[in-house]
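Number of protein chains: 4
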Amino acid sequence: MSIMRVGVLTGGGDCPGLNAVIRAVVRKGVNGHGFEFVGFRDGWRGPLDGITMPLGIEQCRGILPRGGTILGSSRTNPFAVEGGVERIKDNLAAAGVDALVAIGGEDTLGVATRLAELGVAVVGVPKTIDNDLSGTDFTFGFDTAVNIATEAIDRLHTTAESHHRVLVVEVMGRHAGWIALHAGIAGGASAVLIPEAPFDIEAVCAHVETRFRSEYAPIIVVSEGAVPADGSGMTLVSGEKDAFGHVRLGGIGDRLAHEIEQRTGKEARAVVLGHIQRGGTPSAFDRWLATRFGLQAIDAVADGEYGVMMALRGTSIVRVPLVEGTGELKLVSPQEYAEAQVFFG
Amino acid sequence: MSIMRVGVLTGGGDCPGLNAVIRAVVRKGVNGHGFEFVGFRDGWRGPLDGITMPLGIEQCRGILPRGGTILGSSRTNPFAVEGGVERIKDNLAAAGVDALVAIGGEDTLGVATRLAELGVAVVGVPKTIDNDLSGTDFTFGFDTAVNIATEAIDRLHTTAESHHRVLVVEVMGRHAGWIALHAGIAGGASAVLIPEAPFDIEAVCAHVETRFRSEYAPIIVVSEGAVPADGSGMTLVSGEKDAFGHVRLGGIGDRLAHEIEQRTGKEARAVVLGHIQRGGTPSAFDRWLATRFGLQAIDAVADGEYGVMMALRGTSIVRVPLVEGTGELKLVSPQEYAEAQVFFG
Amino acid sequence: MSIMRVGVLTGGGDCPGLNAVIRAVVRKGVNGHGFEFVGFRDGWRGPLDGITMPLGIEQCRGILPRGGTILGSSRTNPFAVEGGVERIKDNLAAAGVDALVAIGGEDTLGVATRLAELGVAVVGVPKTIDNDLSGTDFTFGFDTAVNIATEAIDRLHTTAESHHRVLVVEVMGRHAGWIALHAGIAGGASAVLIPEAPFDIEAVCAHVETRFRSEYAPIIVVSEGAVPADGSGMTLVSGEKDAFGHVRLGGIGDRLAHEIEQRTGKEARAVVLGHIQRGGTPSAFDRWLATRFGLQAIDAVADGEYGVMMALRGTSIVRVPLVEGTGELKLVSPQEYAEAQVFFG
Amino acid sequence: MSIMRVGVLTGGGDCPGLNAVIRAVVRKGVNGHGFEFVGFRDGWRGPLDGITMPLGIEQCRGILPRGGTILGSSRTNPFAVEGGVERIKDNLAAAGVDALVAIGGEDTLGVATRLAELGVAVVGVPKTIDNDLSGTDFTFGFDTAVNIATEAIDRLHTTAESHHRVLVVEVMGRHAGWIALHAGIAGGASAVLIPEAPFDIEAVCAHVETRFRSEYAPIIVVSEGAVPADGSGMTLVSGEKDAFGHVRLGGIGDRLAHEIEQRTGKEARAVVLGHIQRGGTPSAFDRWLATRFGLQAIDAVADGEYGVMMALRGTSIVRVPLVEGTGELKLVSPQEYAEAQVFFG
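Residue numbers (the working numbering), protein chains in the order written: chain Z, 1 to 345; chain G, 1 to 345; chain D, 1 to 345; chain S, 1 to 345.
Hints may be right or wrong, so weigh each one.
Unchecked claim - Examples of chain D residues lying across from chain Z (beta carbon under 8 Å, computed): (1) 81; (2) 84; (3) 161; (4) 278.
To be verified - Here are some chain D residues the structure puts well away from chain Z; computed CB gaps all over 12 Å: (5) 10; (6) 31; (7) 54; (8) 67; (9) 73; (10) 83; (11) 86; (12) 93; (13) 154; (14) 205; (15) 213.
Hints in this document: simulated from the structure, not taken from any laboratory. From a predicted model like this one, the values you see are computed outputs, not experimental measurements. Think of the CB as a built atom: it goes at the ideal place given N, C-alpha and C, for glycine as much as any other residue.
Throw the hints in and build the complete structure from the sequences for me.
Written out as structure tokens, the structure reads:
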């Protein structure tokens with residue numbers, strides 16, 4: 001009987017823990033199941049264009065603590081390419097690949113879901129910094145991002161208080177406010193604004209003034225996807241210049257700081273954390289979660305159980321149908337948002 | 001109707017997140033429920049001897065990121081004191097306390113359990129660095145300890161490889177190997193030894209030699225409570241001296257390093273992480289978990305639901321009977337230990 | 001003989017280490033010299049408006065590791081206020097203050113210099129994140145900022161490489177490129193752009209393309225005060241929108257990323273570190289330097305040596321005339337910039 | 001004219017920054033001077049036994065932030081080997097090496113000094129965690145060690161205060177107390193004991209009791225090489241057992257904690273930081289210093305200036321005769337120790 005040969009790819013935005021998944025898949029696959037591996041480069045572009053790289057114990061040495069992905073990544077969607085599916089099937093066959101482990105978010109796993117329906121033997125591992133994939137309690141990368149954002153908030157407290165300033169911290173979260181909510185609670189923010197609940201700029205400003213009366217300097221954490229409620233009177237700002245005469249405005253963080261300063265007369269500054277939330281070494285939790293996802297994923301391949309993705313439920317890793325993770329987004333519920341309001345009220 | 005007055009105490013070893021619980025209990029109690037608070041100092045010694053301190057919004061300012069506990073701690077057991085229970089009841093009454101929030105581990109909550117049976121209105125919040133309390137997925141403090149241990153292992157990898165040495169890292173865990181298991185997986189250890197599975201010193205040494213042949217320098221993570229299997233031939237060492245002629249041996253980490261060096265001829269060194277695992281600022285996860293425990297605990301008081309403790313199940317905080325958390329220890333199962341063996345084999 | 005009474009104030013932008021200076025001044029002043037202290041709030045606004053706070057051993061407890069300043073800060077300039085100098089002299093007399101320790105940067109020490117000329121007994125402690133004060137090898141706060149920027153660059157490397165992107169990191173430094181230079185060297189940046197040397201955008205883009213050919217993804221560190229050379233053809237960009245349709249452009253970091261993307265066709269992203277560089281706990285080096293500055297400053301007061309500021313020379317703290325630190329800025333020399341070019345070429 | 005070929009080796013205990021030196025030497029050597037390189041493995045064992053490895057731009061990729069040394073290390077002394085010098089000369093000739101860059105501490109540079117006298121073209125780069133090499137203001141690795149020790153002390157403060165305990169922290173420093181002194185100042189220790197000043201155990205205990213009366217819990221930082229003064233009455237302890245019945249005593253940290261507990265009746269615990277001080281990623285300062293040492297070292301080779309080592313003086317890197325760095329140790333002076341006593345008194 002021939003040796004089972006497994007392809008691995010990582011797609012979408014990078015995320016601390018991707019390398020930990022790859023390493024676990026390969027270590028368990030080689031040492032536990034006797035499989036061989038081939039790496040596909042840059043997400044779905046790899047199988048689409050037949051771009052591979054060697055992948056084995058040696059390539060995985062020392063990668064556990066490293067951010068990013070040794071396989072590279074992209075947002076290539078083979079279903080947007082004429083004949084894409086056929087090319088993928090041909091390239092998998094040409095590479096002698098019997099099964100595929102696809103590590104990625106909504107888009108990458110969406111492709112995996114459709115390929116599985118078309119008969120490709122694929123197992124998924126969910127990945128999103130934003131923690132907004134349904135079906136799993138947490139995704140790896142999220143804990144690292146929350147730690148980085150919390151450490152930034154810790155640092156900003158002293159600036160806020162020494163200068164009697166409002167500080168607005170913009171964190172990742174296009175559709176879901178998980179990073180803002182967790183980092184806001186952990187960092188002791190005085191308000192958290194999330195995409196799920198359009199905010200009232202007047203209420204935010206009233207809150208800022210209350211905080212100053214009690215001698216606290218407010219720190220406001222805002223998801224990049226948060227928006228003012230319709231009719232709240234907050235308009236797009238324009239024209240503010242920095243010390244060098246450059247216009248420095250744009251995202252919700254900057255706009256909000258500007259608006260608060262205009263309305264309350266308090267100095268307000270924005271910090272946009274951006275890409276530092278998604279790079280670098282993963283937290284211990286994320287390494288543990290990513291490793292366990294990887295171990296279970298290759299076991300699923302060994303069991304011949306395809307069309308599934310891994311999910312954390314409590315402290316167990318379970319396999320759920322791929323569609324579960326790529327159906328609807330997991331959003332912060334009104335109850336969860338309300339629970340934290342005692343600190344933000 | 002008079003205002004509800006709630007006492008709070010923290011018992012047992014300190015643990016990152018205690019202050020976050022206290023702050024959440026008080027913030028929600030005052031702002032959400034209109035309660036008043038009194039702090040009892042140094043665990044059960046506070047109510048036993050009537051030692052209190054003021055506790056309100058002001059005392060909780062700025063404590064969220066700080067390790068330790070503003071209330072102090074001790075291992076005092078009132079049931080070991082003649083008339084202890086009566087003194088506690090008297091002192092609670094004297095302080096006008098209607099209900100008590102007790103934050104602590106097996107011992108502290110064990111006392112709470114018995115006091116609840118004797119009619120004291122008490123709600124518990126579980127606390128253990130070791131993560132060995134049953135009834136809850138995780139306890140706060142554990143994630144911080146695992147992060148610290150993982151960072152230490154990251155640092156030791158380079159020393160091990162540059163010097164072709166064996167490094168033994170002793171972490172906390174008297175009865176349960178959770179910290180060793182999680183930090184070992186996250187840090188890429190080549191072996192993890194835990195109390196639940198007495199180890200075979202010959203197998204450990206064989207593993208060390210295998211690792212050296214493949215050019216890796218082994219890092220072995222060992223719980224403080226791990227022990228050699230009966231008849232494994234590992235004896236208590238004695239007499240090794242450091243560069244200054246002092247005998248520097250003792251705990252399992254030191255003994256294991258000595259034994260490996262004697263048997264394999266490879267240089268081996270031990271690092272005992274000790275108290276740095278339990279002090280200092282909590283990780284974001286622990287602040288979030290501790291805060292949510294605190295919010296739920298004071299809500300339980302408001303609901304008049306006593307004799308319960310808080311527990312994490314998935315991403316929800318639930319209330320479970322106090323006895324659940326103080327019955328038997330939560331140990332690493334053979335399956336969980338086996339899952340990680342692919343990295344350690 | 002009456003007890004010597006010393007006022008302390010902190011001015012300008014906050015900086016990790018301010019509290020360490022205050023603590024050292026007070027601890028040595030009380031325990032070593034038997035002085036009394038009074039704190040002036042919010043920089044020169046304190047003595048100008050007679051706003052004081054108690055300052056002694058108790059107020060300094062636990063502040064060593066904390067960022068910001070317990071005295072508050074401002075940019076108030078008493079020489080810009082009608083009768084400001086007289087008000088300061090009157091308020092110092094009213095508070096019974098015999099001497100003043102002023103901790104601050106160019107502006108704060110500039111005021112101190114002029115007050116010293118007018119007979120006020122003042123000793124200065126230099127402070128600037130940017131490290132651009134002449135007369136001293138280093139100022140506290142700088143090392144912390146460089147560590148934070150370096151850690152951010154470490155994190156961004158993996159994103160740059162996984163996504164084949166250019167990452168531009170904007171760091172502090174309005175007039176001097178010290179943070180960019182040190183963090184660029186420490187973080188392994190592929191180019192560093194500083195205010196002292198206007199850059200040629202075509203050379204930067206050529207460098208980006210060279211890096212990609214050798215399979216490195218470039219990270220470019222840019223001081224907030226860096227500017228394109230005249231006639232380099234780089235224009236102010238405008239109109240780029242983020243995923244939400246908001247214009248997100250402004251500072252040199254954003255403008256540079258946009259320009260590189262336009263010219264090279266490579267995806268480029270900017271991260272603006274901003275205020276997280278100046279908040280939070282100081283590095284060990286900064287705590288040591290700030291503490292030693294404080295010890296020497298109060299010794300200067302005890303010696304009756306006024307009109308001086310503290311300076312680091314090698315490993316010694318020396319006293320230099322205040323004017324030395326407030327004369328001209330310490331800039332990166334062409335030689336120092338050239339030394340690093342081997343990494344950036 | 002043939003291309004210059006340079007050998008590089010690293011000797012002695014590992015130290016964060018070794019890889020940064022290697023990278024700077026190679027990058028500047030290749031790109032700036034057109035040199036070729038060969039790596040010698042494991043300190044002087046490499047040239048002694050002719051063990052080499054390829055060394056070029058490719059090998060240095062990504063090593064800047066990594067602890068340890070890609071060349072390996074050892075404490076081999078060729079002068080202790082019959083015919084060692086001849087073997088080194090022969091092996092250097094066989095490898096076509098025109099000059100050697102030796103990176104190491106007292107021992108490694110001592111060998112370099114003697115080889116230079118025997119005509120070998122060698123340039124030295126000083127390395128010691130302990131910062132006790134004379135001739136240079138600081139050595140790389142020291143700042144990283146101090147940061148790690150300071151962070152540990154920060155963490156231990158909360159444990160000390162929550163439990164009313166004495167905590168003893170043992171740090172590196174066999175002959176010199178630099179790490180203890182700097183980390184003690186930066187961490188706010190209440191006493192620092194160093195090898196240069198044998199301590200009076202009665203004075204230490206009196207200090208402990210004073211601290212408790214003022215409600216502080218003392219943290220005592222002790223160098224591994226610190227010793228009690230003759231006749232101070234402190235004896236070697238023996239026999240104390242941990243919770244598992246194992247004798248856990250040995251180094252000065254453990255002995256001191258035991259002695260304080262015996263004499264004062266206060267609970268005392270020791271933490272021995274050990275190898276975590278010398279592993280892992282270097283601080284920004286150490287990367288900057290190591291990089292600049294490397295750049296200057298290869299420039300010295302290019303200048304044909306042998307028999308020198310690099311040294312930091314203020315902010316400049318200078319070349320000093322190798323003997324300067326290998327003559328006598330740089331110890332903490334009585335004045336420097338006294339300066340800090342205001343915090344420890």
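Quiz item: Is it the case that residue 31 of chain D keeps its Cβ farther than 12 Å from each residue Cβ in chain Z?
Solution: Answer for residue 31 of chain D: holds, closest chain Z Cβ roughly 26 Å.
Self-check item: Per-residue hint verdict: residue 84 of chain D, partner chain Z, C-beta under 8 Å
Solution: With Cβ-Cβ at 21 Å, over 8 Å, it is violated.
Quiz item: Does the no-contact call for residue 67 of chain D survive, Cβ to all of chain Z over 12 Å?
Solution: violated (4 Å)
Quiz item: Per the stated criterion, does the least C-beta distance between residue 86 of chain D and chain Z lie above 12 Å, as a non-interface residue requires?
Solution: For residue 86 of chain D, whose nearest Cβ neighbour in chain Z is about 27 Å away, the distance exceeds 12 Å, so it holds.
Quiz item: Taking the minimum C-beta separation from residue 213 of chain D to chain Z, is that value above 12 Å?
Solution: It holds; residue 213 of chain D is separated from chain Z by about 16 Å at its closest Cβ, greater than 12 Å.
Quiz item: Taking the minimum C-beta separation from residue 205 of chain D to chain Z, is that value above 12 Å?
Solution: holds (20 Å)
Quiz prompt | Hint validity - residue 278 of chain D Cβ closer than 8 Å to any chain Z Cβ | solution = This interface hint holds because 6 Å falls under the 8 Å limit.
Quiz prompt | residue 81 of chain D as chain Z interface residue, shortest Cβ-Cβ below 8 Å | solution = violated (19 Å)
Quiz item: Would the least Cβ to Cβ distance between residue 93 of chain D and chain Z come out above 12 Å?
Solution: holds (28 Å)
Quiz item: Regarding the assertion that residue 83 of chain D does not contact chain Z, is the least Cβ-Cβ distance greater than 12 Å?
Solution: Holds, because the least Cβ-Cβ distance between residue 83 of chain D and chain Z comes to about 25 Å, which exceeds 12 Å.
Quiz prompt | Interface hint for residue 161 of chain D, Cβ within 8 Å of any Cβ on chain Z | solution = For residue 161 of chain D, the interface hint holds, since the closest Cβ of chain Z sits about 6 Å away, which is under 8 Å.
Quiz item: Is the Cβ of residue 10 of chain D more than 12 Å away from each Cβ in chain Z?
Solution: violated (8 Å)
The structure shown violates the earlier hints numbered 1, 2, 5, 8, 9 and 13.
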